[in-house]
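Chains as they are written, first to last, in the working numbering: chain A, 1 to 381; chain B, 1 to 381.
One should not assume that every hint holds.
Chain A is faced by these chain B residues, among others (derived, beta-carbon under 7 Å) [stated by the list, open to error]: (1) 94; (2) 98; (3) 100; (4) 235; (5) 236.
Partner residues aside, some chain A positions facing chain B, computed with beta carbon under 7 Å [as the list claims (entries may be wrong)]: (6) 99; (7) 161; (8) 304.
If you anchor each label on the Cβ, the simulated ranges turn out as follows [said to hold, decoys possible]: (9) A:296 with B:248: 53 to 61 Å; (10) B:217 with A:277: 45 to 53 Å; (11) B:150 with A:357: 36 to 44 Å; (12) A:374 with B:14: 57 to 65 Å; (13) B:14 with A:348: 38 to 46 Å; (14) B:92 with A:221: 26 to 34 Å; (15) A:277 with B:248: 53 to 61 Å; (16) A:88 with B:371: 25 to 33 Å.
No wet-lab data here; the hints were simulated from the structure.
Every residue, glycine too, gets a C-beta built ideally from N, C-alpha and C.
There are 2 protein chains.
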Amino acid sequence: MKIAAIREKTVSLASGLRNAGIAYDAMTASAVVVETDGGLHGLGFDSVGRYGHGALLRERFIPRLLDAPPGGLLDGDGLIDPAAAWRIMMANEKPGGHGERAGAVGVLDMALWDLRARQRGEPAWRTIADYFGAAGAPAAAVYGTGGHYGADAADTGPLRASLAGARARGFRTFKIKIGGAPLKTDIARVEAALEIAGPGALALDTNGVWEPETAAGWLAALADYDLAWIEEPVSPLDYAGLAAIAGRFAIPIGTGENLFSFDDARNLERHGGLRPDRDLLQFDISLSYGLPEYVRIVRLFEGNGWSPQRFAPHAGHVLALHTVAALGLGMAEVALDAALPVGGLPGGAPVEDGRATLPDVPGFGIETMPALHACFAGLLD
Amino acid sequence: MKIAAIREKTVSLASGLRNAGIAYDAMTASAVVVETDGGLHGLGFDSVGRYGHGALLRERFIPRLLDAPPGGLLDGDGLIDPAAAWRIMMANEKPGGHGERAGAVGVLDMALWDLRARQRGEPAWRTIADYFGAAGAPAAAVYGTGGHYGADAADTGPLRASLAGARARGFRTFKIKIGGAPLKTDIARVEAALEIAGPGALALDTNGVWEPETAAGWLAALADYDLAWIEEPVSPLDYAGLAAIAGRFAIPIGTGENLFSFDDARNLERHGGLRPDRDLLQFDISLSYGLPEYVRIVRLFEGNGWSPQRFAPHAGHVLALHTVAALGLGMAEVALDAALPVGGLPGGAPVEDGRATLPDVPGFGIETMPALHACFAGLLD
């Protein structure tokens, strides 16, 4: 088996949505296809929020894979070996600076796992579990994310409709955005969402826009609500600020989606003051150099007393969903709007009591997600 | 004044050089020209080691500048305002992930400072000093960097010739690479270089490839040599590992060149155990979102008891040279091989007793550096 071609394109994810930090007017993502000389395809898709990685793919990472000696990418069984490919992609890259590069490597890594699963004729969760020596299961706990700000932040109608629909579909935990409107407006949004989610089942995502003092003020105002967790209450790299919040407020904290490497995750573990009994680790697999780096991160935390159940990888991304199922992690995020490329579940997977069952199709099942599969138009001919 | 066009190109910096971490076989950099409707040009050039930023420039940052309302980029005097441009470039960028993006913004920022200096008809150090309320001076302390590994690491001839030539030209402090050869070979390189540099005037750069235990072994072996500093003895983001080294060895530490943001610099200050009486802060201005971010970093450290004299920005980069002169920082790095695009000094600036005098030409003086100016061929027509 040889890689015959690697194709990529940039897809618009533009929408009128915004969170507390940024607007998505010009958001993009990369779709990648790795094609073998035997006509197999591996498909990878970016996670959301950091723009596409086409340029870095074309300039550095695709050429390195294509220039590799063919045997250097395979394991002893002749299957594509994503970890070997990873080492080839990262040759001559300096340490530090874990930004766009991490996402470019991650989207290629996803395509290679998809390819390996198709070579084995099985779902990706099974391939990932076997590779890393985990039990794996064809199901994952999920939570539903909605509640981005629309044109009128004070109108809680769309928020209620989104959460009520998800509840009817079997979701039991929900997340909405806050911090992008005045406190009073956001409190009304929280109360509206809590009515549908129920006690302890609503998480709030601030997208890291607060200074620690601002975060403390908001958390004090929210202290009487029974919430599942608060996400990125401070800037993602402000470990000391995070530790101060964790030391003062009982609410669980979710963070990590804007840390893109083992190096940064280790600093969060060392300096962030997080609590293994309640906090959630949300590193984004695709944006963080893919699975080889992610599994190093999981093992680092496990070695420091954390359960894999405290991992809930960022973004409604099918790579994250399969990894949660493969490694027995806590929860996968699902973007409730299935019309989004990174929304919904593969194969319209049923959700029962907060748990999604994965369809028995090879790879990540991108073909079973119409909005996502449409992003690959032109790459699969 | 309006920006009429922004042009960029990717330039090869390929060479047979290597350090302990990477080879430079396929290294690239970006050259950028900002052209005004009045025919003025501002020139920016990447720092070295992290590849060019052309793709991100074309996809995100150049369009944002060109789409900005013209008045939004100017100060009250009608001059380009790099800090205002910076805010426009960083709109809708999520926090964290300070990698390639930081270099793309930085190279554009340099071009805008060059343009502003030309509008004022003065050297860039004068423009930067005035903008940030510093005294400024047309001179900067410098040190010379050479001693990359060539084909034969054990041959100290090229190393000696490079340092002896620099000493004859007026340099008094020198830096060479170590960690890319066996300890015994590197010790011979250090001894050869020390003979020319003299006591306390030789720094060693390991490029962050060591684990803390490995670093401790090497530093113990080097403890009897009178060295100026050891650079990146551990991985750039391993703050706890760095603190362990700083707590155990007296040799000054230089680090920061692979941290590309205020957020990361703050973590270094908080968690890295560095010593304000001796250690060197080497953040790379161009790779770290340019001057607006860099000045925030300098002020952060000043607020924590550090002298600006402890700053020695990375890379033989003319932006760093002018900033050292403008803000009264400790030292600028000079790549000793003036045939390199980022080698030598503008206008063949004289070096006397370790101090370089900057030529009285507008902007950064890129026109006076033939190898660097050649990188702009085709962009200035």
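Of all the hints given earlier, name the ones this structure violates by number, lowest first. 7, 8, 9, 10, 11, 12, 13 and 15
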